[in-house]
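Q: Here is what each chain is made of, one letter per residue.
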Amino acid sequence: MSNRFEAFLGLSVELTAFSRFDLLGTGLAERYLATLDKVVGVEITDTLLAAFVALPPAEGEARIKAVRTTILGNELLGDVARALIKLWYSGTWFELPLAWMERFGSRPADTTFVVSPDAYVEGLLWKAIGAHPAGAKAPGFGSWAFPPKIPALPELDSKA
Amino acid sequence: MLFPLESTLKADAKTVAGSGEYDVVIVGSGISGAIIAKQAAEAGKRVLMLEAGTGANITLAGYDDLLTTFYSAVSKDNQSPFPVNANAAMPRSPKLRKLQAGETDSSTYIVQSGPYVSDTTYTRIFGGTTMHWEAKTPRMLRSDFKTRSIFGQGLDWPLSFEEIEDDYRLAEREIGVSANVEDQQYLGQTFPGDYVFPMRGLPLSYLDQQVNKGIEGTSVELCGKTYPLKVRPYPQGRNSIPNPAYDGGKGYRPIGAVDTHQVEEGGRCQGNTNCVPLCPVQARYHSGKTLAKAFAKNAKAGERLVELLAQAVASKVDIDPDNGKVRSLEVKVYKDPASAAHETITVKGKVFVFAAGAIETARLMLASGLRSTSGLVGRNLMDHAYLLNWALMPQICGTMRGTSSTGGIVDLRDGPFRERQAAFAIDIHNDGWGWATGAPTSDLLELVDDRNLHGADLRRGMVDRVSRQLLLAFMLEVMPDESNRITVDPQYTDALGNMRPILSFTVPEYTMKGAAYGRRFARTVFARLGAQDHTHYDPSDFGYVAYEGQGYAIRGGNHLAGTHIMGTTRTNSVVDKNQRSWDHENLYLVGGGSMPTIGTANVTLTLAAMCFRSSRDILKYLH
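Line by line, the protein sequences are chains F and V.
Per the working numbering, numbering of the first sequence is gapless, rising by one per residue and ending at 142.
Per the working numbering, numbering of the second sequence is gapless, rising by one per residue and ending at 864.
Hints are not guaranteed to be accurate.
[As the list claims (entries may be wrong)] Quick list of the computed label-pair ranges, beta carbon to beta carbon:
1) F:LEU6 with V:GLU750: 29 to 35 Å
2) F:LYS47 with V:SER781: 56 to 62 Å
3) F:PRO39 with V:ARG338: 30 to 36 Å
4) F:PRO133 with V:GLU687: 21 to 27 Å
5) F:LYS47 with V:PRO635: 41 to 47 Å
6) V:GLN430 with F:GLY122: 52 to 58 Å
7) V:THR747 with F:GLY9: 29 to 35 Å
8) F:PRO133 with V:SER781: 27 to 33 Å
9) F:GLU43 with V:SER347: 53 to 59 Å
[Said to hold, decoys possible] So these bits of chain F aren't anywhere near chain V, every CB distance computed over 10 Å:
10) GLU(-4)
11) LEU(-3)
12) ALA11
13) GLY23
14) ALA44
15) ARG50
16) MET83
17) GLY87
18) ASP100
19) PRO121
20) PRO129
In short, the hints are calculated from the structure, not lab data.
Note that the coordinates shown come from a computational prediction; the quantities given were computed from them, not determined experimentally.
Cβ atoms here follow ideal geometry from the backbone N, Cα and C, with glycine treated the same way.
Using the sequences and the hints given, assemble the complete structure.
A: Spelled out as structure tokens, the structure:
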């Protein structure tokens, strides 16, 4: 795997709190990196990845604070990072806010779209709540009568 | 279940036009048309079925294409699996907007003439609206057939429950209803001693059980009567576990997915939580299952008894002025959904059956200038009014799992209060607030964009926000009112030049009284559950209705009825109790449109039962 893809994966683990195993298991990681490149351009994507790589090796609250100040609270990168979280969770790229476009220029590919039919099916939000995407990955007859099995948060290794 | 391969060969328009007289010509391939086609074919009659949609979903590959379209759709609304086809357009709720006083909005397929804007939908593809229905199949109550006599509201049916009961059983067999008799005996509903449903009831969801725990043993008082509260299972047209005691011990064989090749899928519900808009495995009934049986008669007879002509839109009815009979039907056959190019053919038959749904059937009649002696074609339009109430339960309930809906609170479907206000049936939605707010996607957007959550906080936040969601959907009775109606106007036409339906509707005060009570009822239930009420109705909502100083967002239920009601004479109704037109003796207008009232029962089971009745009358007429 390239360093660029490694950085993208690490950033995605940081933002979603799903493990590399989970993210690679969707089969969509490469496609999502390509989506970023296509929609906001390679330059902004690289800036985002560089900001992640440069994060201090802190843990816990300090780490969260660093992500907030240097990525999610960054005027250029914040909206892009939030779009990436939503992409992983739903399979849909959501158009960037108007204010972002006005300041940094609109991009022709920046519309709201489902990346692919399987991107919807692999949305992480369903996994987060111990459910399944509506219309796919059915859990079986009668499974709904029992309490949900909500997966525990994994030990994450994004900083490794 | 197998479709005989030859049945999927598209009938050729020229052959159809030149093939002389059919015994029965049916417009629409939904459940009504399918039942009549099957019954006629079993009696050896020659049937032509016209379908406005492309018919591509007759094969499993075509059906699966609908699923892929759904996965790829940004808006997962109840028509999202069905591709846009301007030649057979259908209503789509995300396109609606609120009307100003006196305004008409013709930007959507149904022209909204107001004052209420209805988001009601129906599906114009092979299988009709059974391609998108949720498949709840309650029977109407005895009192629902005579609300005028008992409550002084609405109209009496020309049929009693007793007269339709046998046909309810036929409909339950055809659809393959899953329910337990002991769960359905509330409010005086009775079943003959040995009757069991074809399949056992679907188990209540964990969410249903949590709600039941909070309310069971409590009650409410209304108009001096006490109503106990309990979550009861709904009967469903979704495959469950066959009941070996069915049919005097013969049992029941469920029908799964249909295709031209052998396919092992859909024999039992897998819990896809997606009945609406599309069951991915066809465990939910759709009329293709009935049509597969009708087409199977072809092979047996060695000739084509049932022909399907798709991409064929009935556009005009030709009446013989001497005897009032339908002489022929003008049909526009298009080659490609992307183009309005079409040829117009004339179809002849001994009997004509219009089974295109309450709105399209009325539209076809009115576009042909046929208002009937009573003038009631298009009038008395009904659809259940839905009032949504949503809250967060105190505990994790595992929302977003199950089949779309399994249980509800149904004890206020009947009572003396119906003299003054609408009855209702509540269903609990296993997909949480989806219908009301667009959950869980809307929750994701809020948590990420507004609450600034990421990482572990976001994961925990999603569980906290989504897994506790409870939506109580109140399905409110709507009584017939002649001014609620479908009309047509030559200034509003579709791609093929057919006149589009114009909808004028006011939610009746009787219903709004029920809605106002329903809102209070929901607050009482939420209080007993310790649930946080998150319900709010936006005044800019297209379905916003003000009543006695409060506002409510009313949603359509897609339970369309009433545009050609049945009655006792040609002056008080459009069709007789066999759904035969009073004015045209070889014309049957079938489906929800024939229903004079709808009570608090989703309409499909009842209209399916009525089509068994009409089938017998049609065969009698042909002999």
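Q: Next, verify each hint and record whether it holds.
A: Structure-based check of each hint:
{"no.": "1", "hint": "F:LEU6 with V:GLU750: 29 to 35 Å", "result": "violated, 59 Å"}
{"no.": "2", "hint": "F:LYS47 with V:SER781: 56 to 62 Å", "result": "violated, 39 Å"}
{"no.": "3", "hint": "F:PRO39 with V:ARG338: 30 to 36 Å", "result": "violated, 52 Å"}
{"no.": "4", "hint": "F:PRO133 with V:GLU687: 21 to 27 Å", "result": "holds, 22 Å"}
{"no.": "5", "hint": "F:LYS47 with V:PRO635: 41 to 47 Å", "result": "violated, 32 Å"}
{"no.": "6", "hint": "V:GLN430 with F:GLY122: 52 to 58 Å", "result": "violated, 31 Å"}
{"no.": "7", "hint": "V:THR747 with F:GLY9: 29 to 35 Å", "result": "violated, 52 Å"}
{"no.": "8", "hint": "F:PRO133 with V:SER781: 27 to 33 Å", "result": "violated, 39 Å"}
{"no.": "9", "hint": "F:GLU43 with V:SER347: 53 to 59 Å", "result": "holds, 57 Å"}
{"no.": "10", "hint": "GLU(-4)", "result": "violated, 6 Å"}
{"no.": "11", "hint": "LEU(-3)", "result": "violated, 5 Å"}
{"no.": "12", "hint": "ALA11", "result": "holds, 17 Å"}
{"no.": "13", "hint": "GLY23", "result": "holds, 22 Å"}
{"no.": "14", "hint": "ALA44", "result": "holds, 13 Å"}
{"no.": "15", "hint": "ARG50", "result": "violated, 8 Å"}
{"no.": "16", "hint": "MET83", "result": "holds, 15 Å"}
{"no.": "17", "hint": "GLY87", "result": "holds, 21 Å"}
{"no.": "18", "hint": "ASP100", "result": "violated, 7 Å"}
{"no.": "19", "hint": "PRO121", "result": "violated, 5 Å"}
{"no.": "20", "hint": "PRO129", "result": "violated, 6 Å"}
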